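Q: Here is how the chains run, residue by residue.
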Amino acid sequence: MKTGVSRRNVLGKLGAAFAGIMTATAAKTAKAAVQKVFVSSGAPKGYDPTKHKWLMAIDINKCIGCGLCVEACKKENNVPEGPFFRTWIERYVIPKPKPGSFTTRTEAIVDSPNGGMHGFPEPPVPVGEIEQSFFVPKLCNLCEHSPCVQVCPVGATFDTPDGAVLIDPNYCIGCGFCIQACPYGCRFLNPVTKTAEKCTLCYHRITRGLKPACVEVCPSEARIFGDLKNPVPDDPIKKFYENNRVQVLKPHLGTEPRVSYAGMDKEVR
Amino acid sequence: MPPQIVRLVLLTITIVGSYLVARFFLTPSSFGRYGWYRGEALEELSSRPRSFAGKKACEECHSDECLKLSKAEHHGLSCEGCHGVGQAHADNPDIKIDIRTFSECARCHEANPSRPKWLKQISTKTHYPGQKCTECHVPHQPQEVP
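First to last, the protein sequences are chains E and B.
The opening position of the first sequence corresponds to residue 568 in our numbering, with each subsequent residue numbered one higher.
The opening position of the second sequence corresponds to residue 293 in our numbering, with each subsequent residue numbered one higher.
In case anyone wonders, no lab produced these hints; they're calculated from the structure.
Here the structure is a predicted model, which is why all the values come from computation and not from measurement.
Please note that the accuracy of each hint is not assured.
To be verified - Taking lysine to aspartate or glutamate pairs in the EDC-like style, the calculated list, with each CA pair at most 20 Å apart, reads:
no., chain 1, residue 1, chain 2, residue 2
1, B, Lys412, B, Glu436
2, B, Lys348, E, Asp801
3, B, Lys347, E, Asp802
Given the sequences, and given the hints that come with them, work out the whole structure.
A: So this is what it looks like as structure tokens:
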């Protein structure tokens, strides 16, 4: 009887299938070996980024300009000496309008000596001529539509599911596009590693249930930090939004920052 | 099929094939776990060492001091804000905290017109110059007299 199925045919096909499976296994082993060279990870497990949504908020009325947060950030994240900051404090001094000028708000004088790390000297305007003066802590604004993520040519920076904007130092080529793209000036090129760096919300701390270093040391609770997906009783973030009228920095740019500021003046940029 | 077309097809297959092989081997296995990036980068970034231990770690041994502080005006202050970085001390209590990382009272309480009005401020030039703050004030209980 002729069926069209010969022994040679079946054996051949079986052999080919077996060879295919063997190649796939070999390829997988080879892939693992290749990746062991290129990718190594000795990281702790047990933290699921999809189950958190971290957020920071700033209450300008409470900031006393002591600079502890700036110093703590530098220590915690090994930020090099010099004009490199992941967070910094700006001092706004708004002088009184000149009599007869009929302006309501004069232009603010902004300074941040050494990021405000060692406090602030006497204001640039005599005390009697100051209309308003306050401190504004700055950090990564955690934009919904981050320009820095969009411009990265190698995909080294990304929005994480838990709300941080991070940089993969292994992939960053240090081209500096993101530093130009950030409208808030929150990024810098680390002169030691030659990669871009920015506020990570102290990712190595929040994944272990600790507060970011700046929030930890802030003496006046001007920095509010919390997890939107796991609110605690008396949640500081919830209370912040209930008790304050908030604004974001540069809302006209459409970056939709997630960091909100309470008690902000129109002069703050 | 004309030979020039065959050559072109073979060349295309070789280029596309070598690209696919390279992609298979070089794409990190965690790529795409959370998005268009290497998922393991998150774990790597979270495995960095810390220098601040946090108030909870201080409370484990210094609970009496923390309790005193929690009842006083300075209750919102973190230990490490004034006493300096403490992860090394928390890991090994024999290592003392570096006194150079301490912060002084004037850091927050020196008068400055930019500071909010609710904060108690003094000028160290006119407010008992030359004397130590702790001669009249208790840092943990600012309302008490030593």
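Q: Against each hint, give a clear statement of whether it holds in the structure.
A: For each hint, the structure was consulted:
1. B:Lys412 <-> B:Glu436: At roughly 15 Å apart (the allowed maximum being 20 Å), Glu436 (chain B) and Lys412 (chain B) satisfy the hint.
2. B:Lys348 <-> E:Asp801: holds (18 Å)
3. B:Lys347 <-> E:Asp802: holds (18 Å)
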